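Residue numbers (full-length UniProt numbering), protein chains in the order written: chain H, 1 to 314; chain W, 1 to 91; chain L, 1 to 591; chain C, 1 to 97; chain G, 1 to 113.
Keep in mind that the hints were calculated from the coordinates and are not lab data. Fair warning: there could be bad hints in the mix.
[To be verified] Pair by pair, the computed Cβ-Cβ distance ranges are:
#, chain 1, residue 1, chain 2, residue 2, range
1, H, 205, L, 462, 32 to 40 Å
2, L, 589, C, 28, 52 to 60 Å
3, L, 580, C, 14, 31 to 39 Å
4, C, 63, L, 117, 50 to 58 Å
5, L, 41, H, 237, 18 to 26 Å
6, H, 205, C, 28, 54 to 62 Å
7, L, 539, H, 93, 34 to 42 Å
8, L, 591, H, 269, 49 to 57 Å
9, G, 5, L, 580, 45 to 53 Å
These numbers were taken from a predicted model, which means no experiment stands behind them. A virtual CB, placed ideally from N, CA and C, is assigned to each residue, including glycine.
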Amino acid sequence: MSIATLFEIVLAAVVLGLAIWTITVSETYSAAVGFVAYGLLVALIWVRLDAVDVAMTEAAIGGGLGGIVLLGAAARLRESEAMTAERPGRVVRLCAAALSASIAMVLAVAVLILPDPAPTLAPTVISNAGATGLANPVTNVLMAFRAMDTMLEKVVLMLAIVGVWSLASDQAWGGRPGPRHEADPNGVLAFLARLTPPAGIVIGIYLLWTGADHPGGAFQGGAVLASMWLLVIMAGLADTPPVSSRSLRLILVAGPGVFLVVGLGGLCFGPAFLAYPVAFAKPLILGIEVAMTLTIAATLALLLAGAPERSATR
Amino acid sequence: MTEFLTGAVGLILAILALGLVSILRGPGDADRMMAAQLIGTAGIAVLLLLGAVTGVPTAVDVALILALLATFASIAFVKKGLSRLDTDGPG
Amino acid sequence: MPPPAPTLTTTTGSVLLVLSIVVPVAGVLLAFALGDRYCRLVVFTVMPFGIAIAAAILMLLPLSEGHLVYLLGAWPPPLGVALRADGLSAVMLATVAIVICAVAIFAATDFRPTEAKTRAPFAFWILLLAIWGALNTIFVGGDLFTLYVALELLTFAAVPLVSLDGRAETLRSALRYLLFALLGSVLYLSGTALLYGLHGTLDILLLSHRVSVEPGALIAAALMTTGLLAKTALFPLHLWLPPAHAGAPAAASAILSGLVVKGSFFILLRLWFDVMPALPGFAVPQLLAALGAGAIVFESVVALRQERLKLLIAYSTLAQIGYLFLMFPLAFGASGRLESGQALAGGLLQAISHATAKAAMFMAVGSIYGGLGHDRITGLRGVARALPLSVLAFALGGIALMGLQPSGASLAKELLLQKAMSTGQWWWAIVLQAGGIFTAAYVVLVLAHALAPADEPIALISPASRSRDLAALALALCSLSLGLMPWEHYLPLPHGGALKLFDLDALSKFLLPAMGGATLAILLSPWPHPLACSAVWKNLMRVLGPFRRTCLGFGGLVERGDDALRQWPAASISLVVVTLLLAASMFAANS
Amino acid sequence: MSIARDIMTIVGVSAGVFFFLAGTIGLLRFPDTLTRLHALTKADNLGLGLVVLGLLPQAGSVRDGLKLISIWMFALLAGATVSQLIARTARQRGPFT
Amino acid sequence: MSAVTVFGLCAAAAVGVGLYGLITNPQPLRKIIAFNLLGSGVFLLFGIIGRRGAAAGSGNDPVPQALVITGVVVAFSATALAIALTLRLFETAGSMTLRSRAPTGPNSDPSAG
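One chain only, chain H, in its complex shape (with noise of 0.2 Å):
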């Protein structure tokens, strides 16, 4: 056994047993915070598979947004853990046990037994990248070749704020999510929020730069964008936008907009729906992108945010 093979076992087995415990530690608070190391150290797998545009977008909206935003929720629903329904049965729990660990077994079984040589479309995207002027193929297949369902997903996450905004008791609409933060202005909070977003926000448009020929892309800066954003909000430095806002409203559509105007174009004066002229692609990528990016920042951070609580004057 090789040393590296050896690194695996050792990562794959602290991944597992982080796993493990999220799932049967009896604090949810606990679970939260053991599934945010969960994500960020999914990270590493992914690394170590050599897919480092998915390490990033599982280490920042996976692990990071995704943990914070469970971790927020255990801890305002702390309280109502004592009146919980009550755990299933040990012949429910035994039973969901083995059910469980035959599903994973079939996989497990399914993954080993693929064949060999493995199809792959790597070539061809590598091949094809020359349409779109941009070396880094993920970027390529994201914006380029399967751009109907980042498309589509954008739409997904306008639909999640939809969903999540339509929570809102009747009074609150059109006002700010989520709770006011106070934090005292000189603390080491208020110091640390006005720190790090320069450098965040520099890494944020830096990963969006790089994604065009390096690992790196919308989604990525987006997440770090969004997170420096909901740092300087739980800073109390800033507040949320009230939902009602224009040009919250605008910036929110902005990235599926320029999306499918692109796209349009390219269905009135290219070859299809979603096609970019050789000459023009990586600016409009790039286009598309910038708006993007904004457009995630805004989402994730509101996503995080909650539904509006407080009426937009206060």
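Chain H is already provided as a structure; the job is to place chains W, L, C and G on it using the hints.
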């Protein structure tokens, strides 16, 4: 060289796991809040070494994200912990 | 050696497929950006375009040999994503356009944005458009992952509709719906992962040429099928549907019950009839239909025991979802494959009839609820006089589902029965008939209560709205006349086998289930019957009394069993069991 | 030249691993939250710094090197402030929670 | 044992663990966490498959990578929506159970008429 670095990665990972066990066991929230800190240092070290081992230079960019998000997570931990102290009821 | 890949090119006029997705999506974006006040306006602007596109696709399809293909970004699969439409997609597109428009007209007054109330209208209109876009994507999507994204889009649009009024009860059902649907989509996604690992593409057409009987494909099929079953709410994976559909506002219920469950069902059809028709073997179709039969029996009995009208209809939706699955064994041909023939046509027709009729019925019940302030069956006396149009819409929708010619349901039932006889699977013929009788039972039950004269005229909370009733009525009439449409251009129907209309035979085919249904309604509904005071009833009860008590006991037992199955652990365990069963039976069939 | 670089890497990374180990032993052995926090943040940040130092000779370009250093600086900054916040939380709760 | 084998088993196990949690945990929040674990297991599955398809200088087939990125974003939106629902449910109902006790209201055995 590669073997040495891989070994170091494995070692730090094992240390990280050990640290996580101790942190997650508790007893208080403050202990659990350290988890993101631990990952923010040891996890980044693993990533940087991994980048050097596998020749994936962009692993450094992942480390960058990890550093930012781990900080953010820590702050969220603390903030949520504090907010529960300040207010008695939920929300 | 796999057969050569089919050539893939964009066909003329197929840009309509793009538009069918882009127009609603653009509407969503526009409505969101313009804000609360203009949402409704945007919807009514988009509507005519949507209908025109669906109609154009319907007209274009026969001219282009029944297939439209559009390569997005001009990238051919497997690299790119293709949109494809066949007859099935075209008729579904048209159905959705019609139902959405009827619902929009129905909801126009309920969800009028006013100064005091903008939240619910804002969400409703955007989500309505989103559902339209998602369904259209599902019908024309040619790639399993695009279908996944569309399915998620559908779920994300449907869940907030459930909890639009913000009551704790509806929030709870929305959350349950969301969690179970997510479980389903993860299973579906794991199946697509395996398929990609096996064949390096997720394009439906390419996969259909590459998929062969191999363990990985069988496992993928089992996982994906179960995921879709969970989203379609096939018994016993139905825990989320009754509270979600019964708690939503009437317009939303119509959409959820009529259209949303058909989305995942349609993907299931794509999966089994297009991607892997050779995989299931004999056992899987039988298993699916057995679950369907379970749904028909269990949920119909439970439906007849409901006191609230909306819940009754929600449960009967479950029974009718089960009915849709009866086509699988009937489509299983002698060649050992699922054949896109008469059975598929029958199943799809049933889905369309159900979509239109159920939406109409939910809308009618919504009007009744709005008028009376409640929807208890026992309090329906005299409502036929107070709200004649609503009751008429309900009755017509119900009669269409019961299978009075020329309704779509009657044609569908005829097709499926013929197929059951020709393939010698008489047991499914029995289930088909039972399904018809159960449908008749609940329609008759409701009508008996609604048509009973009231002791005193009932006071309506709010006056009946003409436009709302007309929308429901139009949809019901649409369902009732579906049998007259020229289906042979779109669905694989046997030529020359068109049904004779309005003969004596057809009438008896309608009346017999109706009588059976009336009997069942008397035997299984525990609520005081409107005729309970009359002498006839007393005489009847003298004969039937002990028998009815037994039946009621049985019904109570079934309801308790159903209640147990609808608990979360039980339902999720059944989900895993169904997955394993499907996989095992496929392995058994193909080993 | 390359041997010198490798030696520097080996020394740096080994020292880094040592400090990580020390920090974790502190985590396991120290009795209360504040001392554990102290062990974690100080030792681990030092360990990370040493690892970065060790990796610097392996960096392909000046830009990569600068990136490495900036990551460490960032981790230091974050660690210093965040640990103070955590400590404050721990103290507010009282020593026993 | 290669990376694909080790992480393939890990992915399958994560799916199993997540599934178990989703079935047995009564609290919605725990179900959401379990769903995320389950999802990340499935995404890893894609990663394994992409890793097997490494070719042409790309260490991991870019198509599954792109699918996973899309999937991660969708899963995150789902998480956010589910959590917003949970919080709102808690605010309105004050209880956190998903058990539906007879959505009809009074549904006890009515006397036969």
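Right, here's what the structure says about each hint:
no.: 1; hint: 205/H x 462/L: 32 to 40 Å; result: violated (55 Å)
no.: 2; hint: 589/L x 28/C: 52 to 60 Å; result: holds (56 Å)
no.: 3; hint: 580/L x 14/C: 31 to 39 Å; result: violated (50 Å)
no.: 4; hint: 63/C x 117/L: 50 to 58 Å; result: holds (57 Å)
no.: 5; hint: 41/L x 237/H: 18 to 26 Å; result: violated (39 Å)
no.: 6; hint: 205/H x 28/C: 54 to 62 Å; result: violated (41 Å)
no.: 7; hint: 539/L x 93/H: 34 to 42 Å; result: violated (55 Å)
no.: 8; hint: 591/L x 269/H: 49 to 57 Å; result: holds (55 Å)
no.: 9; hint: 5/G x 580/L: 45 to 53 Å; result: violated (24 Å)
Violation of the numbered hints given earlier is confined to hints 1, 3, 5, 6, 7, 9; the remaining hints are satisfied by the structure.
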